[in-house]
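J.: Line by line, the protein sequences give chains Z and H. First residue of the first sequence: 1, per the working numbering; consecutive thereafter. First residue of the second sequence: 1001, per the working numbering; consecutive thereafter.
One should not assume that every hint holds.
To be verified - For the chain H half of the interface with chain Z, some residues (derived, Cβ under 7 Å), not all of them:
1. Leu1015
2. Ile1047
3. Thr1050
4. Tyr1095
5. Ile1098
6. Leu1124
7. Ala1125
8. Val1152
Said to hold, decoys possible - Below, computed lysine to any residue pairings styled on SDA-like, alpha-carbon distance capped at 25 Å:
9. H:Lys1147 - H:Leu1088
10. H:Lys1101 - Z:Val58
11. H:Lys1132 - Z:Ala67
What the hints assert, rightly or not - Partial list, derived from the structure: chain Z residues whose beta carbon lies under 7 Å from chain H:
12. Ser14
13. Ser34
14. Val38
15. Arg79
I should point out that these hints are in silico values taken from the structure, not numbers from a laboratory. Every residue gets a Cβ at the ideal spot worked out from N, C-alpha and C, and that includes glycine.
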Amino acid sequence: MIKILTACGAGVNSSHQIKDALEEEMKNRGFDVSCEAVMIKDVTEEMVSKFDIFAPIVKPDLGFEVAIPTVDCGPILYRIPVMAQPVYDQMEETIKGLNKK
Amino acid sequence: MTIQIDFNYNDIYSLSALNQQELFDQLGVALVKRDDVTESFSEAVYIRETQYPTALDMQPVFAGGPNIAIPHTEPKYCKSRKVIVIRLNQPIDFYNMINPKQNLPVQYLFAILNNDPSAQTNILANLMDLFKSDHFLEKLGKAQNQKEVYDVLKQYANVVCA
Chain Z
1 MIKILTACGA
11 GVNSSHQIKD
21 ALEEEMKNRG
31 FDVSCEAVMI
41 KDVTEEMVSK
51 FDIFAPIVKP
61 DLGFEVAIPT
71 VDCGPILYRI
81 PVMAQPVYDQ
91 MEETIKGLNK
101 K
Chain H
1001 MTIQIDFNYN
1011 DIYSLSALNQ
1021 QELFDQLGVA
1031 LVKRDDVTES
1041 FSEAVYIRET
1051 QYPTALDMQP
1061 VFAGGPNIAI
1071 PHTEPKYCKS
1081 RKVIVIRLNQ
1091 PIDFYNMINP
1101 KQNLPVQYLF
1111 AILNNDPSAQ
1121 TNILANLMDL
1131 FKSDHFLEKL
1141 GKAQNQKEVY
1151 DVLKQYANVV
1161 CA
């Protein structure tokens, strides 16, 4: 199981849209992923350490170094396949790079 | 296909402002008068925009059309759930939501008011589907006033003329 953390400023549920899109697409690509959506202000170093990949809209300044791979997922929000594709491809490569089942 | 967003004729504005602060001040005054937001809304949405910018580069969807921002803030500053549409007579610079270092001239705002922190709305997804609807941005770019914006919206979404 690959654990992905996504985050947004909160207000219009953009992180939930990223979560739903990533879970569906990565499942279609044969990966077992679980994505959690939180508010950026709630992201802590300890929280990040419990995940394999960080998937924010755009890399935020959290005040600490994110120790796990980060994939910027903002283009997914456009809901346009050609824009989302590179993000999914990068996510797939990142998952493969984890060498984790 | 009709997009599932309700727009009200009275929620469409055509405004002139020099910058974001002036714009949100004007918007705040109008929305406080209608009891749609609290007195702190203007400042909250302005600060929020500096921290988490909301402009969308729509050029990949329709080159030469208007860019759009979707400003919003926390539920505690809102007293209703609706989308306020603002057409700017002259575009104002906003930062790009997915590339915060990039400045974008924005001509339309679809400001999202949401007073229910537990509401899992698909409002952003529905707005995105609206923006990429056939010829929507092309028509929106040609609209010159409140009535013409309304006429474009009603071709694609639910609208109420109240």
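J.: Each hint needs a verdict: does it hold in this structure or not?
T.: Taking the hints in turn, this is what the structure says about them:
| no. | hint | result |
| --- | --- | --- |
| 1 | Leu1015 | 22 Å, violated |
| 2 | Ile1047 | 11 Å, violated |
| 3 | Thr1050 | 11 Å, violated |
| 4 | Tyr1095 | 10 Å, violated |
| 5 | Ile1098 | 3 Å, holds |
| 6 | Leu1124 | 4 Å, holds |
| 7 | Ala1125 | 6 Å, holds |
| 8 | Val1152 | 20 Å, violated |
| 9 | H:Lys1147 - H:Leu1088 | 14 Å, holds |
| 10 | H:Lys1101 - Z:Val58 | 11 Å, holds |
| 11 | H:Lys1132 - Z:Ala67 | 36 Å, violated |
| 12 | Ser14 | 6 Å, holds |
| 13 | Ser34 | 18 Å, violated |
| 14 | Val38 | 14 Å, violated |
| 15 | Arg79 | 5 Å, holds |
Checked against the numbered hints given earlier, the structure breaks hints 1, 2, 3, 4, 8, 11, 13, 14 and satisfies all the rest.
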